[in-house]
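Colleague: Modelling step: build the complete structure from the supplied sequences, incorporating the hints.
Those protein sequences? They're chains A and B, same order as listed.
Its first residue numbered 1, the first sequence is counted upward by one per residue in full-length UniProt numbering.
Its first residue numbered 1, the second sequence is counted upward by one per residue in full-length UniProt numbering.
Misleading hints may appear alongside valid ones.
Stated by the list, open to error - Pairs of lysine-lysine, BS3-like flavour, derived with a Cα cap of 25 Å:
1. A/Lys-71 with B/Lys-22
2. B/Lys-167 with B/Lys-78
3. A/Lys-22 with B/Lys-71
As the list claims (entries may be wrong) - Computed Cβ-Cβ distance ranges for the label pairs, DEER-style:
4. B/Ser-197 with A/Pro-17: 25 to 31 Å
5. A/Gln-140 with B/Val-168: 57 to 63 Å
6. B/Gly-122 with A/Leu-350: 51 to 57 Å
7. A/Glu-132 with B/Gly-122: 40 to 46 Å
8. A/Glu-19 with B/Glu-345: 55 to 61 Å
9. B/Asp-108 with A/Pro-324: 49 to 55 Å
10. A/Glu-19 with B/Leu-163: 40 to 46 Å
Derived from the structure by calculation, the hints contain no laboratory data.
Note that the structure is a prediction, hence the values are computed from the model and not measured.
The C-beta atom is built at its ideal place from N, Cα and C for all residues, glycine as well.
Number of protein chains: 2
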Amino acid sequence: MSKYWSPLTASLEPYVPGEQPKDKTYIKLNTNENPYPPSPNAIAAMKAVINEDLRLYPDPNSEMLIQALAKQNGLSPKQIFVGNGSDEILAFAFASFFDPSKPVLFPDITYSFYKVYAKFYGITPKLIPLDEQFLLDVNQFKGEHGGIIIPNPNAPTAIPMPLADVKVLLDNNPDQVVIIDEAYVDFGAESAIALVSSYPNLLVIQTLSKSRSLAGLRVGYAFGSEELIEGLNRTKNSFNSYTIDRVALAGAVAAIEDQAYFQATTEKVVATRERVVSKLQTLGFIITPSKANFVFISHPTIAAKQLFEQLREQGVLVRYFASPRIDRFLRVSIGTDEEMKVFLEVIERLIG
Amino acid sequence: MSKYWSPLTASLEPYVPGEQPKDKTYIKLNTNENPYPPSPNAIAAMKAVINEDLRLYPDPNSEMLIQALAKQNGLSPKQIFVGNGSDEILAFAFASFFDPSKPVLFPDITYSFYKVYAKFYGITPKLIPLDEQFLLDVNQFKGEHGGIIIPNPNAPTAIPMPLADVKVLLDNNPDQVVIIDEAYVDFGAESAIALVSSYPNLLVIQTLSKSRSLAGLRVGYAFGSEELIEGLNRTKNSFNSYTIDRVALAGAVAAIEDQAYFQATTEKVVATRERVVSKLQTLGFIITPSKANFVFISHPTIAAKQLFEQLREQGVLVRYFASPRIDRFLRVSIGTDEEMKVFLEVIERLIG
Numbered sequence: 001m002s003k004y005w006s007p008l009t010a011s012l013e014p015y016v017p018g019e020q021p022k023d024k025t026y027i028k029l030n031t032n033e034n035p036y037p038p039s040p041n042a043i044a045a046m047k048a049v050i051n052e053d054l055r056l057y058p059d060p061n062s063e064m065l066i067q068a069l070a071k072q073n074g075l076s077p078k079q080i081f082v083g084n085g086s087d088e089i090l091a092f093a094f095a096s097f098f099d100p101s102k103p104v105l106f107p108d109i110t111y112s113f114y115k116v117y118a119k120f121y122g123i124t125p126k127l128i129p130l131d132e133q134f135l136l137d138v139n140q141f142k143g144e145h146g147g148i149i150i151p152n153p154n155a156p157t158a159i160p161m162p163l164a165d166v167k168v169l170l171d172n173n174p175d176q177v178v179i180i181d182e183a184y185v186d187f188g189a190e191s192a193i194a195l196v197s198s199y200p201n202l203l204v205i206q207t208l209s210k211s212r213s214l215a216g217l218r219v220g221y222a223f224g225s226e227e228l229i230e231g232l233n234r235t236k237n238s239f240n241s242y243t244i245d246r247v248a249l250a251g252a253v254a255a256i257e258d259q260a261y262f263q264a265t266t267e268k269v270v271a272t273r274e275r276v277v278s279k280l281q282t283l284g285f286i287i288t289p290s291k292a293n294f295v296f297i298s299h300p301t302i303a304a305k306q307l308f309e310q311l312r313e314q315g316v317l318v319r320y321f322a323s324p325r326i327d328r329f330l331r332v333s334i335g336t337d338e339e340m341k342v343f344l345e346v347i348e349r350l351i352g
Numbered sequence: 001m002s003k004y005w006s007p008l009t010a011s012l013e014p015y016v017p018g019e020q021p022k023d024k025t026y027i028k029l030n031t032n033e034n035p036y037p038p039s040p041n042a043i044a045a046m047k048a049v050i051n052e053d054l055r056l057y058p059d060p061n062s063e064m065l066i067q068a069l070a071k072q073n074g075l076s077p078k079q080i081f082v083g084n085g086s087d088e089i090l091a092f093a094f095a096s097f098f099d100p101s102k103p104v105l106f107p108d109i110t111y112s113f114y115k116v117y118a119k120f121y122g123i124t125p126k127l128i129p130l131d132e133q134f135l136l137d138v139n140q141f142k143g144e145h146g147g148i149i150i151p152n153p154n155a156p157t158a159i160p161m162p163l164a165d166v167k168v169l170l171d172n173n174p175d176q177v178v179i180i181d182e183a184y185v186d187f188g189a190e191s192a193i194a195l196v197s198s199y200p201n202l203l204v205i206q207t208l209s210k211s212r213s214l215a216g217l218r219v220g221y222a223f224g225s226e227e228l229i230e231g232l233n234r235t236k237n238s239f240n241s242y243t244i245d246r247v248a249l250a251g252a253v254a255a256i257e258d259q260a261y262f263q264a265t266t267e268k269v270v271a272t273r274e275r276v277v278s279k280l281q282t283l284g285f286i287i288t289p290s291k292a293n294f295v296f297i298s299h300p301t302i303a304a305k306q307l308f309e310q311l312r313e314q315g316v317l318v319r320y321f322a323s324p325r326i327d328r329f330l331r332v333s334i335g336t337d338e339e340m341k342v343f344l345e346v347i348e349r350l351i352g
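Modeller: Set out below in C-alpha cells:
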C-alpha cells in the first residue's frame, strides 16, 4: 500500500496469469497455448514488415485486419473491432456496456478475469451458480441487471453452450448487452457470429491466441452491431489510440486469411483431445464434456493439488485453481500427441 | 448515441490522432515520427523472433526489457514499468495516482490526450495557464489537488522545462504524484530520470516512438519509485496482463541497447531542426524555442489554417490545432534534410 495510490488502485484485486517458469523446460500444458506453430503465411507476412516503416505509427483503425475479418465472416467493417488481445477488448467492453449502478451477471465458475474487470470499473458482479455438472441454466440470466458475460465454451470447465441457449439469452434480455467470449470456440463449439446482424445487443469476442497459434502476438477481435462497435471505439480512443503494432497487424491479416492451415491444426488438436479423453476415462478420471483445447479433469481418489505438484516435479505443467467447487479439478491444455503421450504416462504412473 | 452504451462511454470525448492519409504520398510532418529507420540491431532482433514460439504467450512482466532499461539508467528493475506505448502508460497512471475527488493540474496548452484520460476516469482537470510566450510558472502548480502532469518538452509548444523547475514541482508537492511525460526529451531537454531515486512521488514516462524510431511498434516505459511502479502493475493486471508482444519485446531491448545509433540519429534530427529554425526566422516566422523533434511556428500575416491547407495541397502534411491560443500556429515535425528542403521551398513560395 502507498499513499500515492488512488483509492481505485488501492482497492484492486489484480489477475494472476498462469506461470511462465524459467527454471527448466516443462511440457507446458498450463496456459492453453496451441502446440502447433502459427501459419507459415503469417510468419512470412510479419517478416516482410520488419523494415524501416516501423518508424511510422500503425494505422490506428487497423483497417486491413478489419477488412479481412469482415470478408471472412460476411459482416460489414462497422460490425468489427480489434484490440491488443481479447483481454483488452474485454476491458473496453466492461467499460462500454456495463452500467456500474446495476449488477452484471456471469457464471460463478468462469474466466477469473471477469471479477477483476468488475472491480476495476466499480461494477458489482451477480454470480449465477452452475449446477453440480457445471451446466448453465440460461433462464437464470434475466431480471434487473446491467449486462451479461459468458464464455463459450466456458472456462475452465471447457463445456460448450448450444446456440439455441445464446438465442434465449438474447431474447430474454433485449435491453442489455450480452457478451459471448468465444476464445475457445473453434475447437468444437458453435459460434454466435451468425446472430450478430439480428441482435443489436450481442457482442462476440474471439482471439488469435488459441486456434490461430498466435498467443505471442496479442490480437483479439469482436463482432457486434454498429452501435456496440462505435461504443468500443469511443472507449478505446479515450485510452490508447494505437493498440495494435504494424507487425501484429500484418501477422493477424495473414493468419485470418489462411483458413486451410487453421482448419488442419484445429482438427489435430481436437483429435488429440478425443484420444486423451478416452485414455483418461479408462484411468478412472471424471472429465467434463470438452469442446475447448483443454480438458477439465478430476480423479476420484487423488487430490488435484497433489497431482498438480507431482506432475510439476515430473516436468509437466498443468493449471490448478484453489477455488471453491473446482479445487478437485485440474485444467490440462491439449499439446501435441508426443506431449500428451508423456503426460498420460506420467499420470498413469502417479495414480497407479 | 446508443441505449447500450454505459453512462461513462456516452459521456466520453475521445482523442483524435493525427491523420494517416491514404489518398497519396505526402511529406509527412504531422505526427512527430522520426525520419530515420529504427536501429539495424532492432530490425535483426525482431526478425529473429518471428518463429514458431509466437504460439506461446509473451513474458507478462517483460523482464528482458525491464533489465535492459534498468542497466542503461542505473535503476533497479522494480523502478521500471513498460507498456503498449506511452499512451497506455499514461492511461494506467491516471487511474493509479490521480484521486477523482480532487482536481488534477496540467498546463492549459499541452498534450490533448490528458483531458481525454481525465474524462475517462471522472477526474476534473484544473488547467494552469501558460504565459503569452507559452512559458510555465511551476509555482502555480500547488495547493489542494490530486496530482500533476506536465510534458517536458511541452507539446505542441516544444518548449523544455529546466530540471530545476521539476525539482521545485516535486518539493512543492510531496504528497501528490508528479508525472513528467518525456516523450520528446531526447532531442535536447533534461530528463528527470536522475531524480527518480530521490523523489518517491516522481513518475517519468518515455517512449520508443520518437527518438528510437519505433512508433510502429508501440512500446513505452516509465521510471519511478517502487511503490509507484507497484501501483501501475496493480492497474495493468486489472486490465490486460499481456500488453507487449514477443516481437515488440525483442525489438525494444535491441533498440534500447543500441545507444550509438540512437545518438547519431538524434543528433541528425537536432541539427536539421536548428537549420530549419534559422531559415524560418529569416522568412519572418515566430518560432518557440524547441528542444523537441518538431517546431511550433506562426507567421505574422498569413493565417495558420490557410498555410496548413496550402501545404497539404502541395503534398506536405503538418498539424494544425483549431484551439484557442494556438490556432495561429502550426506544428511541424522535423524530417530528413531532403524533406525539410522541400517543406521550406514550398513554404517560401506560399508566403512569398
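Colleague: Return the numbers of the hints above that this structure violates; sort them in rising order.
Modeller: Violated hints: none; all satisfied.
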